[in-house]
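2 protein chains.
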Amino acid sequence: MKIHRVGFQGERGAFHEQAAAKLVRQPFETVPFPTFPELFRALARGKIDYAVAAIENTLAGSIHENYDLLLKHRLPILAETNVRIVHNLIAAKGVSLRSVRKVYSMPIAHRQCTVFLEKHRSWEVVPYYDTAGSVKMLTEKKVTDSAAIASAVAAEHYGGHILAKDIGDDPENYTRFFLLGRKLEHKPKPRGVKTSLVFITRNIPGALFRCLSAFALRDIDLTKIESRPLRGRPWEYLFYLDFLGNPKDVAARNAIRNLAESTEFLRILGCYPAVE
Amino acid sequence: MKIHRVGFQGERGAFHEQAAAKLVRQPFETVPFPTFPELFRALARGKIDYAVAAIENTLAGSIHENYDLLLKHRLPILAETNVRIVHNLIAAKGVSLRSVRKVYSMPIAHRQCTVFLEKHRSWEVVPYYDTAGSVKMLTEKKVTDSAAIASAVAAEHYGGHILAKDIGDDPENYTRFFLLGRKLEHKPKPRGVKTSLVFITRNIPGALFRCLSAFALRDIDLTKIESRPLRGRPWEYLFYLDFLGNPKDVAARNAIRNLAESTEFLRILGCYPAVE
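As you go down the protein sequences, you meet chains A and B in turn. So the first sequence is residues 2 to 277, counted in this note's numbering. So the second sequence is residues 2 to 277, counted in this note's numbering.
Just so you know, the hints here were simulated from the structure itself, not pulled from any lab data. Check each hint, because a few of them may be wrong.
Put simply, identical chains are the same to the list, so a pair is met inside one copy or across any two.
Derived SDA-like pairs: lysine to any residue, alpha-carbon spacing no greater than 25 Å straight-line [to be verified]: (1) Lys249 x Leu72; (2) Lys103 x Ser123; (3) Lys73 x Tyr130; (4) Lys23 x Glu237; (5) Lys249 x Asn58; (6) Lys184 x Phe117.
Here the structure is a predicted model, which means the values were calculated and not measured.
Just chain A, with the same shape it has in the complex (with noise of 0.2 Å):
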């Protein structure tokens, strides 16, 4: 039986690991990944069978450098999931919160943790490049002075001790993910299947708002629409756009021939199974 490969950026004990677990339902195995450009290339040059890849965060909003690898490859979205983000302090074993004087971790999980760190001003706050990389690198070195803010399963990888559970400031914390693929390849049943795509508009008056109508006169939903600057354009830009509906039929269909009409650029990046 094929054990397929499944990239993510970071290191083992990531969020994205996470995310992969619940995305992928055959037996697979994860391959790490430094950035995300690297992880797109390998899948793009077939050195992996998936890539999972962080799209959107509760409070952080959209991992835009994602939204423009997902243009610049043309990779499918096979599927989509959240995990709630629950950021723990860890150091290595033996490690007490009294003798803590530095925290390391990603920019994002530090403002995610204010409250908790407000508490701790003594603290320096270290910015390093992964969450569960930070717990990698204490619990390897054995850094006494030191603690990381990651998940509970870099914890558990690295064999790091748990000093502070939960710590984040806002319970309302989730990413989302997507599994992508080389080809597509989910035949996804007509009912609770999402579709996202991105386009330009034309440059007419009223543009975005006729872009919008080939759903609304459908009664087609809209979960998400989010714009981005057009390189080498300055001021114009492109639309990323998730809908519930499937192209295979016909509301959906109409809509995006509607919606050709008033775009000047028009990409599918996929459709999948909704979890929302």
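Since chain A is already given, all that's left is putting chain B on it; use the hints.
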């Protein structure tokens, strides 16, 4: 004559300071702040008269932290301007290109100079909290093996030496800045006025379409729309919207009244002369 105090984020010589020179017509002195939250707080408390804040870059997109701060504080937008971002490689006097081993700057500046940095792959890329601040640090400490990526103004201000000019990947690199005040004071003429507002759509089908119809059906041009996640309400969004028009005119006033019918929250962030 009163000398206005204009706050900005970063060290002296930052792009923000160039924007201040374009935005403020009266005599002023600039006051640097380490972070945007501190800048907004200082203005809200009356410690400065105005604040200059970057809101969007043509390559990187919106600066979401500042959209969030606009919502948190009630500080009206009084003016906008665009500054072309020209990155330079700058070192302390006497340092040659050959002796450079490390390059300090903000990560966003590193990402905008990838072509140049690829030609010098042996250099270590070191993240720093500010572009101009990295020039300040290198020149003050007379560091001999490092350079910074920052503006020519920063080189001049700290007596640094420009080793390579205009090293950015993309010439179409502009940042849009807002001038924020404590209360409305400008009385822009009816023509050439831009209005910024923020709203949350009511949870009904086609809600965003209804909101945009308020403008489209009155031939009012939108220049920007951007979504941001709503804290505490996963997968719901608020929208930041800019349009060309003055709420003092009938069409724009009616559009806003119409918009309010489809929103559960609506606030005008400012009304100011359009630069674009």
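Identical-chain pair category, Lys73 with Tyr130, by Cα at 25 Å | So Lys73 and Tyr130 pass the 25 Å test inside one copy only (23 Å; across, 29 Å).
With identical chains treated as interchangeable, where does the CA-CA distance between Lys249 and Leu72 reach 25 Å or less: within a copy, between copies, both, or neither?
-> Classified as within: same-chain Cα gap 22 Å, cross-chain 41 Å, threshold 25 Å.
Could you place Lys184 and Phe117 in one of the four classes (within, between, both, neither) given a Cα distance threshold of 25 Å?
-> Neither. Shortest intra-copy (44 Å) and inter-copy (34 Å) distances fail the 25 Å Cα cut-off.
25 Å Cα cut-off: does Lys249 pair with Asn58 within a copy, between copies, both or neither?
-> For Lys249 and Asn58, the Cα distance exceeds 25 Å both inside one copy (29 Å) and across copies (38 Å).
From the Cα coordinates, with 25 Å as the cut-off, is the pair Lys23 and Glu237 best called within, between, both, or neither?
-> For Lys23 and Glu237, only the inter-copy Cα distance (23 Å) is at most 25 Å; the intra-copy one is 37 Å.
Given a CA cutoff of 25 Å, do Lys103 and Ser123 count as a within-copy pair, a between-copy pair, both, or neither?
-> Intra 9 Å, inter 29 Å, cutoff 25 Å: intra-copy only.
Hint compliance for this structure: hints 5, 6 are broken, all remaining hints hold.
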